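S.K.: Start from the sequences and build out the full structure, keeping to the hints where you can.
Numbering (our numbering), first residue to last: 2 to 182.
Hints were generated in silico from the structure; no laboratory data involved. Everything numeric in this text was worked out from a predicted model, so none of it was measured. It is possible that part of the hints are untrue.
Unchecked claim - PhoX-like cross-link-like pairs, simulated, lysine-lysine; straight-line CA separation at most 25 Å:
1. K126 x K145
2. K32 x K165
3. K145 x K115
4. K18 x K57
5. K53 x K165
6. K53 x K81
7. K155 x K9
8. K155 x K167
9. K150 x K126
10. K165 x K145
11. K32 x K115
12. K81 x K32
13. K141 x K81
14. K145 x K32
15. K32 x K18
16. K141 x K165
17. K167 x K32
18. K141 x K167
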Amino acid sequence: MNLHLSEKIQLSPIVEKDTDLLFELMENIYKEAYQDFWQDRGDWYLNLIYNKENIKKEIARERAHYFFVSWENEIVGILKYDFPFSPREIHIPNAMKLHRLYLSSRTHGRGVAKALMIHIEQVAKNNQLDSIWLEAMVSKAQAKRFYEKCGYQKIFEYSLDFEKLKDEFRQIQIMKKDLNI
2 MNLHLSEKIQ LSPIVEKDTD LLFELMENIY KEAYQDFWQD RGDWYLNLIY
52 NKENIKKEIA RERAHYFFVS WENEIVGILK YDFPFSPREI HIPNAMKLHR
102 LYLSSRTHGR GVAKALMIHI EQVAKNNQLD SIWLEAMVSK AQAKRFYEKC
152 GYQKIFEYSL DFEKLKDEFR QIQIMKKDLN I
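M.R.: What follows is the structure, given as structure tokens:
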């Protein structure tokens with residue numbers, strides 16, 4: 002079932018038959034934003050996260066909600082959130098994880114990401130969750146500023162141990178927003 006967030010923004014659930022389309026989309030969107038972080042332009046990461054078997058596992062999880070984001074009738078990104086879910090590194094009870102939010106640069110400044118953030122906050126409130134958390138790369142200042150404007154605060158920082166990730170880009174922050182239910 003598709004969700005219409007506005008006249009221009011729609012969410013369509015990702016299903017098993019969409020794995021090739023998802024990989025192709027992320028190859029463009031992810032590499033545009035993060036290729037400089039990787040020794041191999043992000044190929045290792047894309048193959049790890051967006052391979053067919055991993056996507057099948059992710060969409061089969063009851064707590065996972067995985068969508069294509071369409072803007073003006075064109076698929077321009079993805080949104081994935083999971084609940085209830087707490088990070089391994091620090092306990093956050095009764096929470097939602099904003100797991101993936103990637104959008105084409107064509108949507109930047111057009112209110113698409115903000116509409117998605119409002120949507121997930123409403124979902125969290127409707128499910129009586131206490132907070133939403135996410136992970137943001139320390140080196141991605143634009144993303145961190147956006148999340149801060151949406152009310153998220155840094156609560157923990159650690160280093161990623163991903164193969165092929167350049168050393169200077171390994172720091173990641175867990176950011177959290179408490180919800181007033």
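S.K.: Take the C-alpha atoms of K167 and K32, compute the straight-line distance between them, and say whether it is at most 25 Å.
M.R.: Measuring from Cα to Cα gives roughly 14 Å; hence the hint holds.
S.K.: Would you mind confirming whether the straight-line C-alpha gap from K53 to K81 stays at or under 25 Å?
M.R.: holds, 16 Å
S.K.: Hey, K141 versus K167, does the alpha-carbon distance stay inside 25 Å?
M.R.: holds, 14 Å
S.K.: Would the pair K145 and K32 pass a check requiring their Cα atoms to be no farther apart than 25 Å?
M.R.: Since the Cα atoms of K145 and K32 sit roughly 18 Å apart, the hinted pair holds (cutoff 25 Å).
S.K.: Are the Cα atoms of K141 and K165 separated by 25 Å or less?
M.R.: Within the cut-off at roughly 18 Å; holds.
S.K.: Straight-line Cα separation of K155 and K167 no greater than 25 Å?
M.R.: Holds, because 22 Å separates the two Cα atoms, which is no more than 25 Å.
S.K.: Are K32 and K115 close enough, with their CA atoms no more than 25 Å apart?
M.R.: holds, 22 Å
S.K.: Sort out whether K115 lies within 25 Å of K145, counting only the CA atoms.
M.R.: Satisfied, since the Cα-Cα distance of roughly 13 Å is no more than 25 Å.
S.K.: Do the alpha carbons of K150 and K126 lie within 25 Å of each other, as the hint requires?
M.R.: holds, 19 Å
S.K.: With the threshold set at 25 Å, check whether the alpha-carbon distance from K18 to K57 stays at or below it.
M.R.: holds, 9 Å
S.K.: Is the straight-line distance between the alpha-carbon of K32 and that of K165 25 Å or less?
M.R.: Status holds; Cα separation ~14 Å.
S.K.: Check whether the Cα positions of K126 and K145 lie no farther apart than 25 Å.
M.R.: Roughly 23 Å separates the two Cα atoms, so the pair holds.
The structure shown violates just one earlier hint, number 7.
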